[in-house]
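**Student:** Generate coordinates for the entire structure from the input sequences, incorporating the hints supplied.
2 protein chains.
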Amino acid sequence: MNLKQLSQKLGLSQTTVSRALNGYPEVNEATRLRVERAAAQYHYRPSTRAKGLATGKALAIGHVIPISSKHEMVNPVFGDFIAGAGDTYARHGYEMILCTADDAQEEQVYRGLKARRAVDGVVVHGPRLNDSRIKLLHEIGLPFAVHGRSSGATLPYTWLDVNNRHAFQRATDFLLDLGHTRIGLINGMEFMDFAHRRRDGYTIALLEKGIPVDPAIMRSSEMTEVFGYQSTRDMLALANPPTALLCASLISALGARRAVEEAGLVMGRDVSIITHDDDLSYLKNGDEIPIFTATRSSVRAAGARLAEILLGAITDPDLPHQNVLLEAELMVGRSTGPAPRKD
Amino acid sequence: MNLKQLSQKLGLSQTTVSRALNGYPEVNEATRLRVERAAAQYHYRPSTRAKGLATGKALAIGHVIPISSKHEMVNPVFGDFIAGAGDTYARHGYEMILCTADDAQEEQVYRGLKARRAVDGVVVHGPRLNDSRIKLLHEIGLPFAVHGRSSGATLPYTWLDVNNRHAFQRATDFLLDLGHTRIGLINGMEFMDFAHRRRDGYTIALLEKGIPVDPAIMRSSEMTEVFGYQSTRDMLALANPPTALLCASLISALGARRAVEEAGLVMGRDVSIITHDDDLSYLKNGDEIPIFTATRSSVRAAGARLAEILLGAITDPDLPHQNVLLEAELMVGRSTGPAPRKD
DNA sequence: CGCAATTCCCAAAGCGCTTTGGATGGTGCT
DNA sequence: AGCACCATCCAAAGCGCTTTGGGAATTGCG
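Going down the list, the sequences are from chains X and D. Residue numbers for the first sequence follow my numbering, beginning at 1 and rising by one. Residue numbers for the second sequence follow my numbering, beginning at 1 and rising by one.
Be aware that one or more of the hints could be misleading.
When chains are identical, the list treats them as one kind, so a pair holds in a single copy or across two.
Derived lysine-lysine pairs resembling DSSO-like cross-links, with alpha carbons at most 27 Å apart [stated by the list, open to error]:
#1 Lys57 <-> Lys114
#2 Lys9 <-> Lys114
#3 Lys4 <-> Lys51
#4 Lys51 <-> Lys209
#5 Lys4 <-> Lys342
#6 Lys114 <-> Lys135
#7 Lys114 <-> Lys4
#8 Lys342 <-> Lys209
#9 Lys57 <-> Lys135
#10 Lys51 <-> Lys114
#11 Lys9 <-> Lys209
For the record, the hints were derived by calculation from the structure and aren't laboratory data.
**Tutor:** Okay, here's the thing in structure tokens:
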């Protein structure tokens, strides 16, 4: 069923039916009702493509997922972020278009979306330091919103981020207060902006207490379970092993715990662990009592919120760039305790 | 830059330019080259929406992600599946459209995609027993392919699945051969088709050896870490605890391991664990030597393959329904060993 | 009652493509 | 030379919608 057929069935012009359905005022209320009923009855929905052509808007938002070419890895937070954003789009009648791109294709993918007029805007995932995408998107004139930030960006842009620096500074302080002085860092890739900021927070907290920053107990890679395990195992084997660890994700924290236990140590007593927790739906940090002491911030909520902001910016392009900084919550769980005394 | 502008720049008609770009034979090779060069130079790409309108195809495939209304959970395998499918779509010039839907909205979402002519076909995720979506999609005439199968479906349909029954039967046999007779099952929700089949495989293997199937050591829920932990903890507390566990996912297996170790037991010695492993990019089952003995099948490869099949079915609608059954590989790791002797 | 202002509706243009149905001019063959 | 036949290109229609620019009733008001 298309507009023409529906309008013929109703004995009205396409104009009137279109206006009735889109809530324009120049149509009689009784007529509108009749049209709406008929539309529902025949399951009429305007063709996205035709509507897009006619209005010049795509009614779609693009999400370009970077696939790390090294490990072909998909960021595990992605599913939850998308679920949040999807809710928002559905409510506003937008579609969500997904593209995958490894580092080499990335620019072409964004250019393609723009040239094909496939989307009204894009969400930038996984921003890096001095991320070139920000300049690119400005240049090609494709509205965008960044999930995270990019240190070093000179142009203004719309973003939503967790206060990663502060979260890790606070987590480090928490460990310092418990008496830990050897605190290891199991970070994400540090060209990723979030990882860089977390490291900053960690470093600042240490320096403020006059504790030296020791590269021997700082690791950085993709946040897998295996990476958490290996890093922890290696650090525990040092002559001067850490008594506490800061992990960038719950997944690597699980690996860290494995290494701790394998070494015959007890988490929360011999080794304290704090992790960042994205509150993923399939990886909850325990039930009531968190397993890990964690800095928590829901990535799903972030998705919903950022989508809302992007749609707003598209509707009203003259709006100033919005920037949202979310504070992570520090949840105290059972993975932390006072630093073990040296006997 | 649109077709009209490009053709004017070239002094050709839109017809010729369009044909040149789409590889039709009625255009001089020299002209085609000239057109292609100009298109590249001006970054011309045909508008998806206009092309879709003109051809009557959407050039897009929909993926409807079920969001479990109970736990608001996004299946963690989703990201990797999408990454695989995305590769295929990109190669064939298709877009991927994502929708999220909880149980209540599901039918409306599929109907909407069809009515708005937003996609040429859809991938059905997370099929359940007697899944109503198969009948629905047949009725509304939307081409589809199922990731998994649906026991009880009467109509023929296109699917790609892992041989879950066989995988779990084989895993159970493996444990039985090691002398285990108390084997616990930590399964996904059993209204999900894959979980149902896994349970079948498990049950069959036990019955063939004349071992009673004991509901006390069979759990089923959403495959979270916490669920794996709690189930294992509870089962180990039984008067007659299992000496081996079969887990439906690596995530719940991590929880199971936690419970095992917390109970002061050693995995692979006191309690053996076999898990299914979807080979997720961010959750590798160890490096060379698998941590867990596992039945493995790459969900990413499945995504790429199923997308290929769906596109084929769309291109040639008269093709018979394709069905692909992948066998999972049994990877022996360090989580299994002979059943402990009762002393 | 007469005229302007409303209200409610419609015909047609246009969005950017593909595709149908020629038109044109050059070739090969008798 | 005359004819059929390609090879190469083009004008225009059409995909399903929105939107512009009216037009015909109806209403309000002096």
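**Student:** Now tell me if each hint is right for this structure.
**Tutor:** Cross-check of the supplied hints:
| no. | hint | in the structure |
| --- | --- | --- |
| 1 | Lys57 <-> Lys114 | both (12 Å within a copy, 20 Å between copies) |
| 2 | Lys9 <-> Lys114 | between (38 Å within a copy, 21 Å between copies) |
| 3 | Lys4 <-> Lys51 | both (14 Å within a copy, 20 Å between copies) |
| 4 | Lys51 <-> Lys209 | neither (61 Å within a copy, 63 Å between copies) |
| 5 | Lys4 <-> Lys342 | neither (83 Å within a copy, 79 Å between copies) |
| 6 | Lys114 <-> Lys135 | within (14 Å within a copy, 38 Å between copies) |
| 7 | Lys114 <-> Lys4 | between (31 Å within a copy, 18 Å between copies) |
| 8 | Lys342 <-> Lys209 | within (20 Å within a copy, 55 Å between copies) |
| 9 | Lys57 <-> Lys135 | within (23 Å within a copy, 34 Å between copies) |
| 10 | Lys51 <-> Lys114 | both (18 Å within a copy, 15 Å between copies) |
| 11 | Lys9 <-> Lys209 | neither (78 Å within a copy, 67 Å between copies) |
Comparing the model with each numbered hint stated earlier shows that hints 4, 5, 11 do not hold.
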